[in-house]
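Model the full assembly from the supplied sequences, consistent with the hints where possible.
Reminder that position 22 of the sequence shown reads as 25 in our numbering, one-by-one numbering, no gaps.
Hints in this document: simulated from the structure, not taken from any laboratory. Quick reminder that beta carbons are idealized off the backbone N, C-alpha and C, glycines included. Among the clues, some could well be false.
Derived DEER-like restraints, expressed as beta-carbon distance ranges [as the list claims (entries may be wrong)]:
(1) LEU64 x GLY88: 31 to 39 Å
(2) ARG45 x THR68: 30 to 38 Å
(3) TYR77 x LEU51: 35 to 43 Å
(4) ILE81 x ARG50: 43 to 51 Å
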Amino acid sequence: MGEGKEVDFKPFPWERDIPLTCRKCTNSRYVTSVCYAAHQAREEADRLKIENARMHELVSLVQSTIGKLLEENYRERIVAVINRGYGAKRGGSSK
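What follows is the structure in structure tokens.
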């Protein structure tokens, strides 16, 4: 079993995107892949943080817009109810 036979490995697809040597680790494919995966995870986390901040801004904008619209709508409804009630009392229409 394993008489010291050397095997020439072809690079994996993800290895094409990384430097030829890992600056932080050994040249082990496993260690290099872990470093590369950690780097990709950090980039993805940074991208998601930016995207999350944008979504929070959008949600805040939508909430404030809906709040303003509801506030105006409720004001109009309250005024309409008051006017109807006041008009009914002044007009003397009784049922």
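Hint by hint, here is what the structure shows:
1. A hinted range of 31 to 39 Å for the beta carbons of LEU64 and GLY88 is consistent with their spacing of about 36 Å.
2. The hinted window of 30 to 38 Å between ARG45 and THR68 holds, with their beta carbons roughly 35 Å apart.
3. Distance hint for TYR77 and LEU51: a CB-CB separation of about 37 Å, consistent with the stated range 35 to 43 Å.
4. Distance hint check: the CB atoms of ILE81 and ARG50 are about 46 Å apart, consistent with the given range 43 to 51 Å.
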